[in-house]
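Using the sequences and the hints, build the whole thing.
Spelled out, the chains give:
Protein chains: 2
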Amino acid sequence: MREAIEDSRQWKSQGYGGPFGALVVRDEKIIARGFNLVVKNHDPTAHAEIIAIRNACRILGSHSLAGCEIFASCEPCPMCMAAIYWARIDRVWFACTHMDASSAGFDDSLIYREISLPPKARELPMSQILREEALEVLETWARSADKIPY
Amino acid sequence: MREAIEDSRQWKSQGYGGPFGALVVRDEKIIARGFNLVVKNHDPTAHAEIIAIRNACRILGSHSLAGCEIFASCEPCPMCMAAIYWARIDRVWFACTHMDASSAGFDDSLIYREISLPPKARELPMSQILREEALEVLETWARSADKIPY
Chain U
1 MREAIEDSRQ WKSQGYGGPF GALVVRDEKI IARGFNLVVK NHDPTAHAEI
51 IAIRNACRIL GSHSLAGCEI FASCEPCPMC MAAIYWARID RVWFACTHMD
101 ASSAGFDDSL IYREISLPPK ARELPMSQIL REEALEVLET WARSADKIPY
Chain Y
1 MREAIEDSRQ WKSQGYGGPF GALVVRDEKI IARGFNLVVK NHDPTAHAEI
51 IAIRNACRIL GSHSLAGCEI FASCEPCPMC MAAIYWARID RVWFACTHMD
101 ASSAGFDDSL IYREISLPPK ARELPMSQIL REEALEVLET WARSADKIPY
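Read top to bottom, the protein sequences are chains U and Y. First residue of the first sequence: 1, per this note's numbering; consecutive thereafter. First residue of the second sequence: 1, per this note's numbering; consecutive thereafter.
Read the hints as simulated data drawn from the structure, not as lab findings. Treat the hints with caution; some may be incorrect.
For identical chains, the list gives no copy identity; a pair is met inside one copy or between any two copies.
[What the hints assert, rightly or not] Using 25 Å as the maximum straight-line C-alpha spacing, the simulated DSS-like pairs for lysine-lysine come out as follows: (1) 40 / 147; (2) 12 / 147; (3) 40 / 12.
Written out as structure tokens, the structure reads:
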């Protein structure tokens with residue numbers, strides 16, 4: 001964790017992104033690390049955890065990080081938490097909370113609140129259209145013998 | 001939306017990822033599109049919406065998509081929903097629901113349930129350590145005159 005915090009301290013030298021760092025670890029060895037690169041890369045998805053997960057997957061040649069743990073200098077936001085589930089990571093270690101991030105000016109707590117609501121109750125306008133047409137594609141995939149589930 | 005659904009239909013030709021497509025639109029023009037590339041790219045974060053957002057940001061040279069809308073062939077998962085908030089997108093259009101995705105074998109509903117719980121109540125083990133050390137970095141960032149908020 002001290003290494004993830006040390007990475008978070010490098011926000012200025014890493015291009016003025018948010019002050020966050022994350023590491024993916026397997027068998028007590030660091031496989032990959034991530035700095036927040038939102039500002040530098042013009043990429044709102046480039047949180048430290050997302051970068052660390054993408055780097056670890058590239059290194060392992062797999063979209064699964066089962067057997068790995070992630071260390072994050074701050075509690076992962078909902079985007080990063082969901083990415084951790086999709087990546088099948090076994091365990092999460094974090095230092096600051098999402099309330100700490102919000103106190104520093106980030107929207108983590110707002111996004112946690114919004115995502116816990118059904119789509120129609122959110123502040124962000126959301127509308128559903130053409131479900132039947134899209135559902136046919138999903139169902140075809142589900143029935144397909146050569147699909148690759150993840 | 002018909003174009004996003006048509007993209008979702010290309011899952012086989014696009015490398016056997018999930019059957020999902022997404023488009024970012026501004027002023028009624030398509031700026032960027034995304035296919036699900038989880039399997040092809042060994043990247044669990046490569047959902048259609050994430051790819052479309054990253055492509056749109058690269059094209060616009062900004063980490064903000066304020067003024068844009070997103071069309072997704074399926075209700076965005078929590079990772080993609082949070083990315084939509086971080087990207088400041090104005091409006092979401094979707095076709096299938098996250099329950100439809102779960103019926104087809106994806107973990108969207110499970111992840112929505114887990115993320116709505118506090119960290120200690122989740123099935124995924126989460127532990128907090130060294131908060132004070134990380135908080136000092138966050139607070140230094142918050143006080144810094146040359147930070148770039150996002």
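From the Cα coordinates, with 25 Å as the cut-off, is the pair residue 40 and residue 12 best called within, between, both, or neither? within (10 Å within a copy, 34 Å between copies)
My question is about residue 12 and residue 147: at a cut-off of 25 Å on alpha-carbon distance, are they close within one copy, between copies, both, or neither? Classified as between: cross-chain Cα gap 8 Å, same-chain 44 Å, threshold 25 Å.
Copy assignment of residue 40 with residue 147, given that the CA separation must stay at most 25 Å: between (36 Å within a copy, 12 Å between copies)
Of the hints listed earlier, there is not a single one the structure fails to meet.
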